[in-house]
Amino acid sequence: MFQISAFGDTGLRIQFGDHISKDINQQIRSFCILLEKEGIPGVIEWVPTYTAITVVYDPYTILYSALVTQMEKLQNRLSDMELPPAEIMHVPVCYGGEMGPDLAAVACLHNLDESQVISIHSSGDYLIYMMGFIPGFAYLGGMSKEIATARLENPRAAIPAGSVGIAGEQTGIYPLESPGGWQIIGRTPIKLYDPNSSSPILLRAGNYIRFKPIDVEEYEVIEKEVNAGTYIPYVETFIE
Amino acid sequence: MSNTIIEVVKPGLATSVQDLGRTGFQAFGVVVSGAMDSFALQVGNILVGNPREAAGIEIVIMGPELRILEDTVLAICGADLSPKLDGELLPVWKSFSVRKGQVITFGQPKDGAYAYIAVAGGIDTPVVMGSKSTYTKAAIGGFKGRYLQKGDHLASSPFSFSLKSVSGRGLSPTYVPNYKNVEKVRVILGPDQAAIAESSIEQFLSSSYKVSTQSDRMGYRLEGAELTHKHGADILSDAVLSGTIQVPASGQPIVLLADRQTTGGYTRIGTVISVDLPFVAQKYTGSELRFETVQVEEAQLLYVKRERLLRCLSLGAGVIG
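Going down the list, the protein sequences come from chains S and W.
Residues in the first sequence are numbered consecutively from 1, following UniProt numbering.
Residues in the second sequence are numbered consecutively from 1, following UniProt numbering.
So that you can see chain W by itself, here it is in the shape it has in the complex (with noise of 0.2 angstroms):
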């Protein structure tokens, strides 16, 4: 039986449950959702001691009032939003024992802007296609397939560890991203590279471009140096990935995120790499990023060291108890 554990008080700006998406049905145009930035989500959940898979609420920028229902172990981790537990200031990534009664709370936001709260035990939605993440757009998923209203009511599933042994671990902070100090991303440039002129690739290589307002968790639009194309914007709709850099009939670049649509028709002139992900998602309205180039094997050994400490985190080790 699953555990009635937070009240929604104020929903915040745009509170959702997530997971890691809702991977094995993009052939039919699902779309995979999940959270923006999936390793906080990770490490929250192993702070908590549930499997790493397991769904919490993310927050954006404005964070919302939550009430306890039940006494609990939560950690927040990604953005530092400066959570307040009964209006005292609380730590990062770090899991914390709540009671009862006591209220969550957010005030400034002072380094990234998507934070993850992992609850004991994982919060309890149905699994729609396999997944619990919320895809708005088609009302799916999480907590009636919409962002979280006041009044909702949020449960967690069964586990079988103690609170107690869950509660003040931290991640080493050799591991804590800075998302502000990161302005430099890395890409794997195509499949689209060749409809592109090669001044605009070098262009998009070394130049600077902003965080648009028109972004979202579909995507984020920038605005720079303007892109030009040899023969036209246009493709043949063709698949898109997290993080894939379209390059649209503007010349100015979007990078799709979480919710991206599973196929797109404007060339693709790269796709960031996984383990930088975070970095993009993590960045507001009007900073800046900055792309390099950065060939498939190199990508590759960077998610395995990241595979490997997830798998460390997971069995205890670098998480400071």
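Isolated chain S (complex conformation) (with noise of 0.2 angstroms):
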């Protein structure tokens, strides 16, 4: 599926399918590729979600009737492409205890020791699908079913930054302190958004994360690292 249609008069929007998918995925994200590398004047960024591209482009620069021609080039590009290696990105998780303070009631709702919990959590890579919400918030998806949990009844007001939570199947980091009904399993000390960084957002979509555990120690050492700037996450990168 490549379907274009006029978003508002400075969006155009690029649906790649209707349901989620690792390979509309890597379709979504060659098709960033090819418009990283084609620098289209006019194109100000786009936003790849599970689905779909959103182009946003200044209309004074480039019209949407010449910014379709465009985007039907890129298309043909698109079988010829090839993805470069994507990267997993291994995040430290302070299961349980103060920084997680619902991984008891996940375990007792499943009927599963917090261990196995958090054994099933960290198991997996999870993929990025898309970045959004919030700044440097990432929908995951990779979560096995076994340790699924509906939200709180009651969601919490705020939520430290850095949580790791449980929302239905998915699973997800809060990148800053916020209200919210997520689970809260665990806590990472690395940050996932820092505004003042030269690159304020840690992750990327189409990459995949994979939650290490750690202990309370641990999280104190990495904390003061990342305060220090001196903290470097660990990265692998792969072949799909």
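Any given hint might turn out to be false.
[Claimed, not checked] Derived lysine-lysine pairs resembling DSS-like cross-links, with alpha carbons at most 30 angstroms apart:
no.	chain 1	residue 1	chain 2	residue 2
1	S	Lys224	W	Lys184
2	W	Lys230	W	Lys184
3	W	Lys230	S	Lys22
In short, the hints are calculated from the structure, not lab data.
Each chain sits in its own coordinate frame; assemble them with the hints.
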């Protein structure tokens, strides 16, 4: 599927499919790389999501009809595209305790030990389908249904930055302190979002993350390094 | 070196530093923010000799009280919130000189909700991800990432023109918008109009909606004819733009504005066209709004026309000096 439509007078939307899938995500990732390489004048930015890319542009520089033509040209190159290796970002997480106040409840609900929930949650790699909602928030795919848990009935007024939570079949990390109803099972000391850094957002759609269980002492060590600006996240690359 | 130029004596309702927004990071979930009425801010900047994208002070409905700390030139554009200099009414859409010690206040709102104070040189605050715009929810940009408070001191950036050369300039009355008189705004339908019952699309385009009290920089919730979905209100999270109109399960539309999130999970019936966005932003709680459809080609002709006007104004044409 490759359906182009106008989205307001400054947006062009390309729909690549109608459901969440890795294949669609890879097409979207490839197309974003083409957009980056092409550097079409008038194109300001683009927002990849589960099934679509929205290209934001300045109509004074390029009109909708001309941009449609450009997009169709890029589409022809899509099949020849070789994706660069994907990255797996290792995200250290201190599960349970004060940092993961809902771990016990999640374990209880599924008739599991806390350690089993941790091992299930940290076993697979999670594909970053898209970024959105709040700065640095990643929509992840790949959580085991075994630990899927409904949101809290009463959302918390403030969840600390770095909190790792479960909402239904989704898992995610809060990049900044915000209210929310996710079941919080742990916290990472690394910063997903740092407005004053030269690369303010740590994660990229199309890459993967892997949760690495750590204890409180390790958490404190990494936190110090993060605050000192000396922490370098561990990243693996692989060809999909 | 930047100069401390303004002291906040009273902060007003929700006064913040804004420029044209934090673009380029939407793919990472970073909210754009920026002026609710970008046309008014740009004209203000032009009148005081600034680049169009300089940061100014955004004021909504209940304005602040500001003490001037250095002689400079200001322009107030957008809503007419009865601005006064030492108690004397000031014109809107016109630049004027102010002297150290003078005080700016605001009175009754006469037309529109959002006004902008442009200052020669532009307001100087740290640049965060390419912008000085305040986004209070993530506490970034502007003055310490928040609305202005009593006692705050704002600085202006250096400039190379003489203050005299930019004082007393005004926008030609032909181009001054009258917000009250515009009830109808134009939208480009989509991307999810097919998810909404056809009869509801007709209703959306033929009835009148009220701006509800649940309205802020993020968006305006509207009240009126309830729209129905064919198969439910939720979509896979996808991009939204400034002016995008969402229809959640309640059937009451929401127009998304400057502080909208980058993605959303509700059906999108359409998006207000760029040139009409200020007329939405300038509506008060309780005002009426109507919608009509337009094709993208026509909307872009209007966009190009407005962009030409702003470019001409920057060159001095259409500015009455």
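So, going through the hints one by one against the coordinates:
no. : hint                   : verdict
1   : S:Lys224 with W:Lys184 : violated (56 angstroms)
2   : W:Lys230 with W:Lys184 : holds (26 angstroms)
3   : W:Lys230 with S:Lys22  : holds (28 angstroms)
Taken one by one, the earlier hints fail for this structure only at number 1.
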